[in-house]
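> Residue numbers (this note's numbering), protein chains in the order written: chain A, 1 to 333; chain B, 1 to 525.
Since the hints were derived computationally from the structure, they do not count as laboratory data.
Note that CB positions come from ideal geometry on N, CA and C, so glycine has one too.
Be careful, since some hints might not be right.
Estimated spans, in silico, between C-beta atoms of each pair [said to hold, decoys possible]:
no. : chain 1 : residue 1 : chain 2 : residue 2 : range
1   : A       : I321      : B       : F72       : 15 to 23 Å
2   : A       : V183      : B       : K252      : 23 to 31 Å
3   : A       : R85       : B       : A162      : 31 to 39 Å
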Amino acid sequence: MTGDALAELSNNLLYSAMVVYAVAMYCYTAELAFGSPRRRKAVEPQVRELAAVGTTPAYVDESASGVDAPEADASDEAREARASRLGRVAVSLTVLAFALHLGSIVARGVSAGRPPWGNMFEFSVTGALAVTGVFLLLLTRKDVRYLGTFVVLPVLLTLGLAVAVFYTESAQLVPALKSVWLVIHVTAAIIASGILTIGFAQSICYLVQEKRERVPAESRQPSFMDRLPAAAVLDRSAYKMHAFAYPIWTFAVIAGAIWAENAWGRYWGWDPKETWAFITWMVYTAYLHARATAGWKGRKAAYLACLGYATFLFNYLVVNIWLVGFHSYAGVG
Amino acid sequence: MVDQTLTSAPARDVPPEPRPPALKPLELARWAWRQLTSMRTALVLLFLLALAAVPGSLVPQRSVDAARAAQFAAENPTLATWYDRLSLFSVYSSPWFAATYLLLFVSLVGCVLPRSRAHLAASLARPPKAPRNLGRLPVHATTTTNRTPEDAIADARSALKARRFRVDVVDGALSAEKGYLRETGNLVFHLSLVLLLVAVALGHLLGYKANVLVVEGSAFSNTVSAYDTWTPGPLADESSMAPFTVELDDLKVRYQESGQQRGAPRDFRATVRYTASPDAEEKSYVLRVNHPLKVDGVKVFLLGNGYAPVFTVRDKAGEVVSSGPVPFLPRDGNNTSTGVVKVPGTSPQLGFEGVFLPTAVLDPQAGPISVYPDLRLPRAVLTAFTGDLGVDDGTPQSVYSLDKRGMTQVTGTNGRNLVQSLGPGATMTLPSGETLTFDGVRLWTSLQVSRDPGVTPALGAAVLALAGLMLSLFVRRRRVWVRATAGDDGRTLVEVAGLARTEAEGGEGLTDEVRELTEEMSVDR
Numbered sequence: 001m002t003g004d005a006l007a008e009l010s011n012n013l014l015y016s017a018m019v020v021y022a023v024a025m026y027c028y029t030a031e032l033a034f035g036s037p038r039r040r041k042a043v044e045p046q047v048r049e050l051a052a053v054g055t056t057p058a059y060v061d062e063s064a065s066g067v068d069a070p071e072a073d074a075s076d077e078a079r080e081a082r083a084s085r086l087g088r089v090a091v092s093l094t095v096l097a098f099a100l101h102l103g104s105i106v107a108r109g110v111s112a113g114r115p116p117w118g119n120m121f122e123f124s125v126t127g128a129l130a131v132t133g134v135f136l137l138l139l140t141r142k143d144v145r146y147l148g149t150f151v152v153l154p155v156l157l158t159l160g161l162a163v164a165v166f167y168t169e170s171a172q173l174v175p176a177l178k179s180v181w182l183v184i185h186v187t188a189a190i191i192a193s194g195i196l197t198i199g200f201a202q203s204i205c206y207l208v209q210e211k212r213e214r215v216p217a218e219s220r221q222p223s224f225m226d227r228l229p230a231a232a233v234l235d236r237s238a239y240k241m242h243a244f245a246y247p248i249w250t251f252a253v254i255a256g257a258i259w260a261e262n263a264w265g266r267y268w269g270w271d272p273k274e275t276w277a278f279i280t281w282m283v284y285t286a287y288l289h290a291r292a293t294a295g296w297k298g299r300k301a302a303y304l305a306c307l308g309y310a311t312f313l314f315n316y317l318v319v320n321i322w323l324v325g326f327h328s329y330a331g332v333g
Numbered sequence: 001m002v003d004q005t006l007t008s009a010p011a012r013d014v015p016p017e018p019r020p021p022a023l024k025p026l027e028l029a030r031w032a033w034r035q036l037t038s039m040r041t042a043l044v045l046l047f048l049l050a051l052a053a054v055p056g057s058l059v060p061q062r063s064v065d066a067a068r069a070a071q072f073a074a075e076n077p078t079l080a081t082w083y084d085r086l087s088l089f090s091v092y093s094s095p096w097f098a099a100t101y102l103l104l105f106v107s108l109v110g111c112v113l114p115r116s117r118a119h120l121a122a123s124l125a126r127p128p129k130a131p132r133n134l135g136r137l138p139v140h141a142t143t144t145t146n147r148t149p150e151d152a153i154a155d156a157r158s159a160l161k162a163r164r165f166r167v168d169v170v171d172g173a174l175s176a177e178k179g180y181l182r183e184t185g186n187l188v189f190h191l192s193l194v195l196l197l198v199a200v201a202l203g204h205l206l207g208y209k210a211n212v213l214v215v216e217g218s219a220f221s222n223t224v225s226a227y228d229t230w231t232p233g234p235l236a237d238e239s240s241m242a243p244f245t246v247e248l249d250d251l252k253v254r255y256q257e258s259g260q261q262r263g264a265p266r267d268f269r270a271t272v273r274y275t276a277s278p279d280a281e282e283k284s285y286v287l288r289v290n291h292p293l294k295v296d297g298v299k300v301f302l303l304g305n306g307y308a309p310v311f312t313v314r315d316k317a318g319e320v321v322s323s324g325p326v327p328f329l330p331r332d333g334n335n336t337s338t339g340v341v342k343v344p345g346t347s348p349q350l351g352f353e354g355v356f357l358p359t360a361v362l363d364p365q366a367g368p369i370s371v372y373p374d375l376r377l378p379r380a381v382l383t384a385f386t387g388d389l390g391v392d393d394g395t396p397q398s399v400y401s402l403d404k405r406g407m408t409q410v411t412g413t414n415g416r417n418l419v420q421s422l423g424p425g426a427t428m429t430l431p432s433g434e435t436l437t438f439d440g441v442r443l444w445t446s447l448q449v450s451r452d453p454g455v456t457p458a459l460g461a462a463v464l465a466l467a468g469l470m471l472s473l474f475v476r477r478r479r480v481w482v483r484a485t486a487g488d489d490g491r492t493l494v495e496v497a498g499l500a501r502t503e504a505e506g507g508e509g510l511t512d513e514v515r516e517l518t519e520e521m522s523v524d525r
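This is chain B alone, in the form it adopts within the complex (with noise of 0.2 Å):
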């Protein structure tokens, strides 16, 4: 479909006049079949799609950032009834997005195909003969030499050999034809892009993908039952999956110290041990940004960090009945984190909730907030409830937050609520004689392990669009003719012509290459 004079059938572009007699399905089909295929309908396809694939970018996308599509449909209820029945928060897998792209593939194969039949026609079929009036071509030059008519053409086939054209003599006339390339490379470029879409849908439906947050010193496997998330694609298999474990050791966040950016994160590094499987050899890994683990199909990601504050909680009699990291979700750039510590080994229940702040300031305004994203000066504010955490019942429950239905903030003994700023080893005391210590901090990573069988293909088809596209844009398609007649000065006039076959040539290259051949024949043997 890219360019002009290589359009195949010119009655695509032309409407067939409306016949008053009504049309018999086949013919109906074969008209609906030309109108989908022309130029035209790909056209308004391709402006379509990109028209379509504007509200996506406008509208929070479930797929994109499930967050924020949830907080805008909090936030306007209304419309997100009207976007939810327009498939708007979920654009890209939408009905009417896959149609645009469906009609235009469908569009392009129609027209694509038969223009392969003509092109592998034209690759096989000599150059065409020789106009009758060269003279007429859009660049033509003559002149003289003292070769015979015969060794004039011989001269110009060889020379024209040499360029790499396809020569062939009719009738004493030489024809010849360069540059069949660009319609190889258009129609490598557009079925490439059929390529694509099938590994992109291969992708999609074999592969799957999972989130986890693993804190420092801790493990998980590949397994469904590891993952904080799943989305496997419809046809993944859950039975199969890569059998590897990987361990976080140590994870380190450098970043920037000083000046405007001050506080941006600059690097990331999580030292790893995995095994492929359970009897292969563990090794170790430096995960960061950019340098995914892949094992054995499936690639591991850093996604982000956080902390998780270690605490130990004591009944009145001071056995442990709680110890360990818990992670805490950072809210700004400065790591201000938010969290709840569940206890629901004492009776009654207790529940912590408050902020980390890995760089604590007490600010008269906002109250204590982080200044800084490293662990500078820790502290963690938190507050007690005491009651029933409602996990008993089995009903999953967020670990980030509390339900309080069933519970009471506890109060100091001065009656107020009691909150407390724990640094690192501080001990906070409830006053029915429970104790949580702020025992120490380790970091959290969270990591997304995916296995997509497309892209390699994918990538192979994209470099195949490149390269066929590159070909269809830069080679040039053109003939040139040559016929050689005796003069009655017993010299031989040769007449040398061009012509363009592509669009936008302005038959530059080609005129060069008249006056070269017309140049060599000139000379006298």
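Chain A with its partners taken away, still in its complex shape (with noise of 0.2 Å):
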């Protein structure tokens, strides 16, 4: 196959898991919206397996709070499982949209004869690539479906400003990105953006959810937010999502430097894409030492990493497109 053709089969893909995760997404939030809102299987702790040792377990459980399950009647376990289809669907369908835009994106990288991520374009749809992949590697080990809708619809929204605005044809780098350092140091950075993408969605959602929890169980109106874990349960996730991407985030910012001496003569020069790769990580850390320091915790801690995921976005539309630096590999013209 020439690599026309692999480029057309590319772009092909592309526009075929747009459409896959499109439909997952309706699968998503069709679950949330049409499901017994009482469902908070998420919130069920784990600590009730010590029971399984035929021991007196005794503990306590902070995480389980709010409403606690009623007696369900028939009628809203009939509805309970066809929600519960759908979601199991909408997995199925990210799985297959996953598949799909994998093969955009090695295409991709065949017909142009290398690692697809030196625009705009292919920083975009790998960036996509890794929300989701973050997104199904976390559903293999945590019940976190109740997110699909907060996950694929940046996915979406993300291939289609790549395929809309910066579609660049598939071609050879730039001399400057000719190094074992570009795939080091862009897949690293991708890789956070995809779990701080994750992240961002939770602190969101537990932003959301701790406002909720403040008016009394009984007076509260129901909504699919029920059916979304515990705000502490959320923020605990969330948490855990931006430790997780933080030394990553790290890494990427070293090997960043590292390369920009190789390239530059200079590891650290205050390019503007650095400056904003630096703020990112400060109010990143700032948000580690906020959950640790009194009067800082939940809100305002959650906010700061909102804050955080806003530098991201920034650095990475704006710098890329709008500032002037070293680092204008955008090729959208």
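The two chains are supplied separately, each in an independent frame; assemble them into the complex guided by the hints.
Take a look at the structure:
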């Protein structure tokens, strides 16, 4: 297959992935909207397993707060079964979309004869893949299906932006990008951004849930938010995501510095891209510290996490396109 | 500063209540120190540093792009005065930026040193005694076994030791703790950042950076006088610079030939010969982007490139008065380049100004422009000036522009300004009889030569910081207690309890550990 045919295949695979993502998103949303609002499986503490060994478990479960499942009636159960089936379909579709998406990136890489991380279009497409990848990986360990809508929506938006605005033909790289550090630095940055996106989604969910939980349980309006875990659980999951992404982001910055030293003769030069990577790092550093500081836990820390994500987005969208610097690889003309 | 449960003095988070009598200087100093090293101050400083870095990415910085900064200042003179007063053209070396990060580092050291002491003490101490009521701990389980209480404790001890817990038996109860590396990592991370700052400062003080433009076939040596720009660190020693020489043999640039990105550079290869010292053997190296030449702790990087058309100027008698390549500066992506030829050896002196076009096209609107960056149809379009170049009084002058104050433009026989487009080999003759021949084109490259003795220490500090960070985030610190008591039925009651000491742990891993241990203890012997 020639390079051009492969490039076309890559584009077609990407369009197909977008369609499948869109259908998956509807399914996730439908599960949230039509399922029984009383489902709170994710909250159930694993500590209960202690009972299995025939001991007398005595535990304090800090995570289980909020509504206790009332006696579910038959119609509620049928409704729940339908919703849950939709949720499982959504996950299968996400897996399919991920495969198509991955195939598109591989085809693009083969057609250009290089790692496909050389311009805004390619960063966006691969970044979106990282978000889905992290989400699917997380699904194998935790019940985070509730996040589906909040994950697939940004993935679709990113891909839409990539296809409509950033699209660049498959071509060779500018000389500065021809380095093994392209793989190391950009991969780390993309993986970190995938995890941070999930963490950001959880922080937003936390902020909404936390506000909701301030109303006494009995006077709350039923909402799809009832299907999400309790605020404390969301907060902790978000923290785990951020704590996991933070060293990867740190590594990406260090790898970038090593590369910059090789390519431009200085490891740190306050190029706008470097500056904003630093700002993002500082804000997430503040987030990690805030969670350990009296008076800053909870909402304020979550706001910092959101701010961190905003600086990341700024670096990605505004700096790449509008600010002049050494990192002008956007290829958006 | 990373995790909550290990934060040292709780007093730090509680500002002392204001007392009616004024504080004595020492008390005031202590109060100020506590404020500075508190987590809240650290948090504010972290945030401030992030904020302080922002303007430098929006206002052109002299250290990053001096030309853009100068252009901005020329276009906005009033604003520029204010920017200058606020150090906005050099944010990252400004007093207020330095103040922010230095305060942050003082706060960091003030927080980390007492914690290092505390951690050292904790590392030497035994795990704390078992609480009286193990049932009150977050993770707790009981089982029975036919082992004696002593045997049960001994078995639990070896089981926990095998899991690399630190164990201690006090009053028949077992205490175990694990995950000290978490705090070690946390401290290493923070102290490595101090090391990193020192390494950066070291490189800045002792290093130097220089730029030089080299045309194919010419050479330069590592001396201050050979360089076009020279930026030494405050403590750089000019007398002991590595005595190497580099000669550029040949530069090859390849461009994208088709498609949307047509004309984008794809490869730069500069073949150089260099000698590390006057009596050393000559070596050859292919200099590429991402592959700098390393000589004696100094690195030579490929920065940019352009064309240097070769001109020969003859006087009225046909004698050569000037000959050689003249670097022209590229102005756009297709290498439309501008430059001047100065001929001080004629009387009156001659100056030529013009553009060099690697692939020339005469555009009806834009005039002569280049449509492709590589040499496909090279043309030099020149106009001539006569008079005084202004170079004789020794005032330094740009080699890329003419000082036209003492010069008049040469007009052709038709009375209009003389403008001529020359292909390789073509000659332009002035009405006064002098000639300029466009002999051919060579390439030039601009090189950056830099020495930064801080690079290796900075990398070491960064790697250390990353390692510390991973330990501090991923090692779980937890305690486990086991108590065994003889029951009435002749069996032994074993209580196992655990306490996670790390935030956001959720006790999941610990729950598994406690369960596994309980299962092991429930087996009858």
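> Which of the numbered hints are not met once you compare them with the structure shown?
3
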